[in-house]
Amino acid sequence: MDNKEIKYIYADNAATTKMSRTAIDAMLPYMEEVYGNPSSLYTIGQKAKEALEEAREEVAGLLNASPKEIYFTSGGSEADNQAIRSAALYGARKNKKHIISTKFEHHAVLHTLNKLEKEGFEVTLLDVGSKGIVDPKAVEDAIREDTALVTIMYANNEIGTVQPIKEIGAICKAKGVTFHTDAVQAAGHIKIDVKDQNIDMLSISAHKFHGPKGCGILFSRQGLPLVNIIEGGAQERGKRGGTENIPAIMGTAAALKEAVENIDRNSRHLIPLRDRLIAGLDKIPYSELNGDGEQRLPSNVNFCFEGIEGESLLLLLDDKGISASSGSACTSGSLDPSHVLLAIGRPHEVAHGSLRLSLGEETTEEDVDYIIRSVEEVVTYLRNMSPFWRDLKEGKRPHVFKE
Amino acid sequence: MALYSEKVMDHFRNPRNVGTIDNADGVGEVGNPVCGDIMKIYLKIENDIITDVKFETFGCGSAIASSSMATELIKGKPLSEALTLTNKAVTEALDGLPAHKIHCSVLAEEAIKSAIKDYYDKNNIEYDKSIFPEESSCDHCCKA
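Chains as they are written, first to last, in the working numbering: chain A, 1 to 403; chain B, 1 to 144.
One should not assume that every hint holds.
Derived DSBU-like pairs (lysine-lysine); straight-line CA-CA distance at most 35 Å [to be verified]:
#1 Lys191(A) <-> Lys122(B)
#2 Lys77(B) <-> Lys7(B)
#3 Lys96(A) <-> Lys113(B)
#4 Lys88(B) <-> Lys213(A)
#5 Lys396(A) <-> Lys88(B)
#6 Lys7(B) <-> Lys113(B)
#7 Lys257(A) <-> Lys166(A)
#8 Lys396(A) <-> Lys113(B)
#9 Lys75(B) <-> Lys191(A)
#10 Lys396(A) <-> Lys75(B)
#11 Lys54(B) <-> Lys195(A)
#12 Lys393(A) <-> Lys75(B)
Covered stretches of chain A, as calculated for chain B (at least 3 residues, CB under 8 Å) [as the list claims (entries may be wrong)]:
#13 345–353
#14 386–399
Since the hints were derived computationally from the structure, they do not count as laboratory data.
The C-beta atom is built at its ideal place from N, Cα and C for all residues, glycine as well.
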């Protein structure tokens, strides 16, 4: 293919982000100078301990939580595992062994729930509708006497739809059910206030908002007993063994502060770009946006294109300097395409042709226009060699989307 | 190491023999849109020699590369030789495929066999049925 324009556009910020200068600068002193173990008694150990507690206070303040409710983990997955397992076991002590979640959660949640099912819990996975939004009424209806936990993601990692968290939280609060939300895609991008939004437990991953990889945050409301995923020393008030990763924690706190402070500014920049990209891709015949157009993350665009397969689309976009992702089976390493796309009712053959573009603060209007041109070119090229597309064109198979 | 060998990327980026043949002597199609890959092979056959071959593929990078390589391996060859083409030969010619992509080379082998079978059937040529798989090797496709 013709490669006259060579650019590099990173459009996979939902996978991970580039670390910010602020986060890197916050980490360096704790590698080079204050490298002590926070459990040690001498000065650089105690200085590290002070820094750790300052980071905890900072994070707590940004979420409107108390520092005692903040635990640093190895990432979002660990936080999800610990939150769900803790709430489940807490419920089981009171003979409550029912958990409510949704069909399109992250695998850190779904796989934990699968395991709990094998351990005797009953799990209800709610539908998310064609728009990818959970109906709070459905949550209310699903709650039973023996419901131990409701766990629903704040924003979906593939299609970016933002859930009515405050309403769901209010329902859980009224019914006395613990409410956990996987906020990995939301934290630092949309406003989170655990008190106002009635959240009992929340998981965060630092590398989704320009912090370091391998560091996460678990918020767990005071009074909810946590079970350990990692046994060890007395770190994190005995709830998470292992020497604290002080540099990463410092980078996480700094990155979260910067992201939260800039939520409004970033949204004002990203939403028009997102909508421009959606409008541009929507002009490609037989394509459709996945998930609600309004109630979605400012950075997320996710489309399905009929007649093509996502992995070949990604490889050719990479040749054009665009980094993106797809929910096709070939990119997931399994036989089935993304469970998220199937959950919103996309048929398999369409789900294979999906493309997720997640923009960042550095994305420009020029980048968006280049992405639109490139996707259009690659989709056309792949369709022209696709026997599936030929069948659709010749009416031998029915189209799923309108032209 | 990258996901794909340079050979795979070359055949993916610059696929050989893409297209269709009008009034092809044999056409074979395997795969399923539900699985995310379909291969269609068109053959021109003269005196039992494959004088021209084209393909169309819906699928991932390795599916496109496997189709391209398979067509190169049978072009100009007698049918008897094309029938001996194995997925292993396609994979080796591509300098290997990742384990979970081997089925792409299987599809390529099956698409070629299916096109040759179509030629035999159309021309009432007798053949040993055992050399053609009855069902696609893909369990997933059969489920669909």
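We went through each hint and held it up to the structure:
1. Lys191(A) <-> Lys122(B): Given that 35 Å is the threshold and the Cα spacing comes to 67 Å, the pair is violated.
2. Lys77(B) <-> Lys7(B): Distance of about 22 Å is within 35 Å: holds.
3. Lys96(A) <-> Lys113(B): With Cα atoms ~58 Å apart, Lys96(A) and Lys113(B) exceed 35 Å; violated.
4. Lys88(B) <-> Lys213(A): With a Cα-Cα distance of about 40 Å, the restraint between Lys88(B) and Lys213(A) is violated, given a limit of 35 Å.
5. Lys396(A) <-> Lys88(B): 33 Å, holds
6. Lys7(B) <-> Lys113(B): Cα-Cα ~24 Å, so holds.
7. Lys257(A) <-> Lys166(A): Roughly 22 Å between the alpha carbons, so the hint for Lys257(A) and Lys166(A) holds.
8. Lys396(A) <-> Lys113(B): Holds, at roughly 23 Å.
9. Lys75(B) <-> Lys191(A): With Cα atoms ~61 Å apart, Lys75(B) and Lys191(A) exceed 35 Å; violated.
10. Lys396(A) <-> Lys75(B): Holds, at about 29 Å.
11. Lys54(B) <-> Lys195(A): Roughly 63 Å between the alpha carbons, so the hint for Lys54(B) and Lys195(A) is violated.
12. Lys393(A) <-> Lys75(B): Roughly 29 Å between the alpha carbons, so the hint for Lys393(A) and Lys75(B) holds.
13. 345–353: holds (count 4)
14. 386–399: n = 6 at 8 Å, threshold three: holds.
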